[in-house]
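Peer 1: With the hints as a guide, bring the two chains together.
This is what each chain is made of:
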Amino acid sequence: MKRISIDPITRLEGHGKIDIFLDEAGEVANAYLQIPELRGFEKFCVGRPAEEMPNLTARICGVCPEAHHMAATKALDALFGVEPPTTAKKLRELFYSIFYATDHTTHFYALGGPDFVVGPDAPPAERNILGVIKKVGMDVAGKVLKMRRDGHALIKMIGGRAVHPNWGLPGGVSKGIDETQRLEIEARGREAVEFAQFSLKVFDSLVLANTGYVELITGDVFVHRTYNMGMVDAQNRTNFYDGKIRVTGPTGKEHAKYDCAQYREFVAERVEPWTYLKFPYLRKIGWKGLVDGEDSGVYKATPLSRCNVADGMATPLAQAEYQRMYATLGGKPIHHTLATHWARLVELLYAAERWVELAADPAITGKEYRTLPSRTPTEGVGCVEAPRGTLTHHYATDERGILTRVNLIVGTTNNNAPISMSVKKAAQALIHKGQVREGLLNRVEMAFRAYDPCFGCATHSLPGQTPLEVTLRGPDGTPIARLSQNV
Amino acid sequence: MSQAATQPAKTKGTLAIYWAASCGGCEIALLQIDAKILDVAGAFDIVLWPCATDGKVRDVEKMADGSIDLCFFNGGVRTSEQEYMAQLLRRKAKVLVAFGSCACEGCIPGLANLNDRRSIFDTVYKEGSATAPENPKDVRPQPETQMPEGTLHLPVFYDTLKTLDQTVAVDYYLPGCPPEAERIWAAIEAILAGKLPPRGSTLGLATTVCDECKRKRNEKKIKKFYRTWQIIPDEETCLLEQGLICCGIATRAGCGALCPQVNSPCIGCHGPNEGVEDYGARLASAVASVIDSSDPDEIERIIDEGIPDPVGTFYRFSLAGSLLRRKSKKAVGNGVGK
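Line order of the protein sequences matches chains D and X.
To convert, count from 1 in the first sequence and add 168; that's the numbering used here.
To convert, count from 1 in the second sequence and add 19; that's the numbering used here.
Excised from the complex, chain X in its bound form (with noise of 0.2 Å):
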């Protein structure tokens, strides 16, 4: 019996999707693409997707290798058990996305990068201002604890938050903290369609957020840095020449300039533009040169001033993912700040 005359019509393919460190916004921001999402429940068979449907990882364990034809992967790998899921759907799924800023690059929880297992430990459960006086014993949670009726267990919490492309390869990337929802929607139309790019690309535009930016913009001659909290930016100039770190500059275009119209600077969640390698060291160099100073000692004081936490501005959301990686673990039990 041939195959056109048991498969008259195009069979459905099967989608994944899972989170593991991650806040549950790139589940909410999938939901946001709306009555589309029947689309998607159109075209795939969904047969992971513990927020939304009954979670079967097991039966994800049976399927033959590459039988999953779409995986979105949301979130870090922080612990053994989200390590194993996301080498488990490497091994199932025949095209692995790298969802949102977590997987792609670190975001926010990548910063923790900057300390380990044991300052992290000692934060949270020895020194945290409630928790102090009443843990004496310094108990910690523990992999394994036996308890009266039996043995608990918990999954190792690693020094180290990866990426999901520094645990598994990675076929694609969708940018975004989260992504919003008119750019998933234009990557599931191009998956759909077959139109992918080459293997290991970006889904998403190639040009900057301030290609998206409506604010006027004149030469930038920057004497100060201002954070936030110091001046009211007028609401119709590039804000980077007022002197707030807008990383619109380094980052990719998708949102729309979102944050600039709410006369807030962008934060950067949409990762390095197309041919950045180092998203932290091309923002840095774009700020660098819009100082209005040829004198180091003006330069320096400038920076100090204006910009009190290089790493934590311009590695928000890309440290894990970056070429700095982590702080030493050397350097971390002495408990330095920055």
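Excised from the complex, chain D in its bound form (with noise of 0.2 Å):
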């Protein structure tokens, strides 16, 4: 009798770790998706002062700062119940665009993009950006490299730092913008379009021209029928810095739509003993363990997920590519876990139409930027859509606006369910009488990488991307094979 497990290659690595058990008959018995660390944010801001939050809880993700920065930013318009001008609200906008798109650009074609670029089953060596770049040419190279620069320097320009911007205030910016930083935005931004439109002309040549790669995507191994969450606009379209959070079925039917400030109604939190990160999942439809369906609290907040929540896009070239991703994959919702790298690139073509829009809009240039807040503060709720999901800040304070509680729901944190099951139902599907192979292995992994899973963010501690290890080990320990994620 044979007994399989596989571990991982060594607790050492650290920034994630799953463990598949296989049974007697080599058939995988269960898979444990595990977080080996926690910094404790929720606890050590306490005391602190609230406007030190876009700050202190940046350092939470050197990845996506910007998104945190934006969550505490927009909790302590709460707190302090002070409205931030229209001009104020349009910069923020316009700079939490200029993120996603320099953010969804690094998804796709560093993390998620190599298993379709250069293929699941090309050799792990290949299987990173630089095999895209071999694969697709240095121009395209050249393209991308520009996009995050350009991405990053804008950021720099109007938040004060490319990593840790220092700008967001209860209220308001610390500061606007002029003409010629304007007319510089708004000519990245057009270019931004078009690399958004080459992006996703890329997807269809490689990905879906490839009947495999097709069937992958549309294949069972990497379907989860769970509820989504997203934010959306008045009109239910998809919105990554303001709106309301939607909750839909498996089915597509709404289960419910909230203001942030209520989100303890609609979301719980389960601990296990066995990861540092919690579980986050839908209180009224409860805690069923790690399984799908309409009975199971379990949700996914993803680009994919704000896709289904949303009836479509707020921008025309978008809602274009909204409406043909649908009808090539059968209508709504989507549970197919691959789709999750489309709707991204939908999203990379929104965030840069918006960016544009914005840009030109005049009030971009207004001098009024900043409300200054006159209620004491007592207790505040701030939400964005990072890329990874749906951001939650909550904060309370005494008279003076010291800290007195703090809770944070991060992107990913949200994912933590679904990502385990995902990897688990690959690992069922694709390991059988303890037969793997490097290939199965990979897609294993693709069910991971989907979520762009940052658990830095997630426990509030760990970096963005993350390097996943796993060995195979026979009955005496012996490493049989390896399974590493290259980015």
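Calculated from the structure, these hints are not laboratory results.
Honestly, I wouldn't trust all of these hints.
What the hints assert, rightly or not - Label-pair distances were calculated between CB atoms; the ranges are: (1) Asp230(X) x Phe366(D): 41 to 47 Å; (2) Arg137(X) x Ala429(D): 26 to 32 Å; (3) Ile250(X) x Thr348(D): 24 to 30 Å.
Using N, Cα and C, we set each Cβ at its ideal position, and we do this for glycine too.
Peer 2: Set out below in structure tokens:
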């Protein structure tokens, strides 16, 4: 009788690990995604002045500090009961759109893309950004690098710094932009729209034109019928910066639509002893374990989720791509996890279009970009859509605005349960009779990668791209095979 | 056979880049040296960089001690696993650089030293406002959990976050949260050219952020400190002069005074200037010196009203590495906020 277990190659790698247990027949009995760290922001921010939060919580994640900076700033608006001037709101959304376009570009080309562009069965040494460059050519790589460089330069211009901006304040922002800056931002935005369209063409020609990949995307291995969560505007269209949180069920039916301040009525968190990361779930449905379906409170909050909960996109080119995606994949909602990559590109196009719209808005160079708060602070909740899911910051303070309680539900954390489920399902579908090959293990990993998980955010502890390694060991502990994520 | 015959050209060095309790921003900053990263790849074989290439800790374990030429280590040390990695890379690396504020002085996560593991776990797993009613059995993460299929392990979470040099000997420091790309490249150039200062040095400038700041400065006479949401400062005049706690006066230069350029005070992320042992003490004395009063009661009132969180203000980035280092563990359990 042969018992094979898949253990992490070493716990010393740290940043996210998967244990897959095989039963005596060599079939997958269970799989656990463990997050091995915590930093405790919710505790040590208590006692700090509330206005510190946009800067303190940016340090949760250096990959998406803009998301924390913005959620914190909005939580401060609510805490101090202050309405930012129109120019401030538009500047924040402009800043946020630039960030989104930059971040989604990174994921598609450097993190998720290699699986499709280079191929899921390509040798691990080629399945990385260098492999992508080799496949698509240096001129494409140049476009990707330029997109990222421009995005970071504009983030620095507007927010002060390219990593960890210092700009958001309750009631507004610390500085506006002038006409020279506006022209620069608009010009780069128009290029970003072209880049996003180009990226969708890359997806068409490399992924959708390949029947093998389409079968992979639409096959059962990567399907989870769960609830979805995302932010929508007044017309139920996707919005990253502001709106209501909408949750729809596995059939697409609306479960809830609420102001972010009400989040505790709708979201609860489960603690398990084997991971530092909590599992959020829908409170009104309840925790039924790591399972799919209408009766399980598990939900996803991803680019695909945002598309699923929305009625459409607010910009014309992105709306056309949105409709094409649903027409191609058989209507709403889509539960194929790998379609998240497509949805991310639709969002990239929306972010770029919104960037241009806002940069061209006459109000954007307005001189009124701060309202000084006058009310005594008490409690406030701020939400944005982080690229990796709905981000919630909730603060309570004393009358001086010193924090007495902090709760954070972070993008990737929303997806802790579905990521675990996706890994397990892929492992169960692909690993049989103890037989594992590298290509199959990569497909297990693809289930994980579609979520673009960022455990820096999730545990308020670990950095963005997650190096993940698992080892397949024989009964005597000898390594038989190895799998690692190549970025 | 002579060495020269077999190695006609300069051999490539080896480089390891590692992240411990960090946010990933140092990695992003390193990538922002942009095309120059190719020069780095030309000069070094990268033997470990979990963010960007295959993580191969096992291969590092097999290497001879001292066989890695250079290691950039970012992040603080909070868990047993991070401690192991710091010790491993110290043994293997000839030159170990504490890269970024977390490794140098603890950074924002070091503020957790005002608390301990128990109080952090209480907050996160018990009192968390979306957790409380659903965790009646007070479940908490454990180093070992027995599941039906086998045992699951987690690294141990320590009470105290340590800086890199509180864990192992450090050769050089590269400050900043994160370090700006220009400073990173200047450090790499110095390393490549073999023009490193004495061990223990900080790789950076020896001036302050104020020296880089273009704002107009006059005599500073402060009767009242303001919190950032209380005033709209003018965009030309020194922010400290306007009553905002701008940390530039105590903070090492190197960023180009970026935050004051968007009308925000410096928050001190580049750490203490050359020769300053304790950043918080230096900043506090600098701030005290601009108060326009000689009446002790008035001075106390000015500080109480304008600086309600002195530890978080003066030691925002440097608590773990400071002379204070952490709050006494006895005091932590009492739920004292500051």
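Peer 1: Work down the list of hints and note, for each, if the structure agrees.
Peer 2: Cross-check of the supplied hints:
Our hint of 41 to 47 Å for Asp230(X) and Phe366(D) holds, since their Cβ atoms are close to 45 Å apart. The given range of 26 to 32 Å is respected by Arg137(X) and Ala429(D), whose C-beta atoms sit roughly 31 Å from each other. A hinted range of 24 to 30 Å for the beta carbons of Ile250(X) and Thr348(D) is consistent with their spacing of about 27 Å.
In summary, the structure agrees with every hint in the numbered list given earlier.
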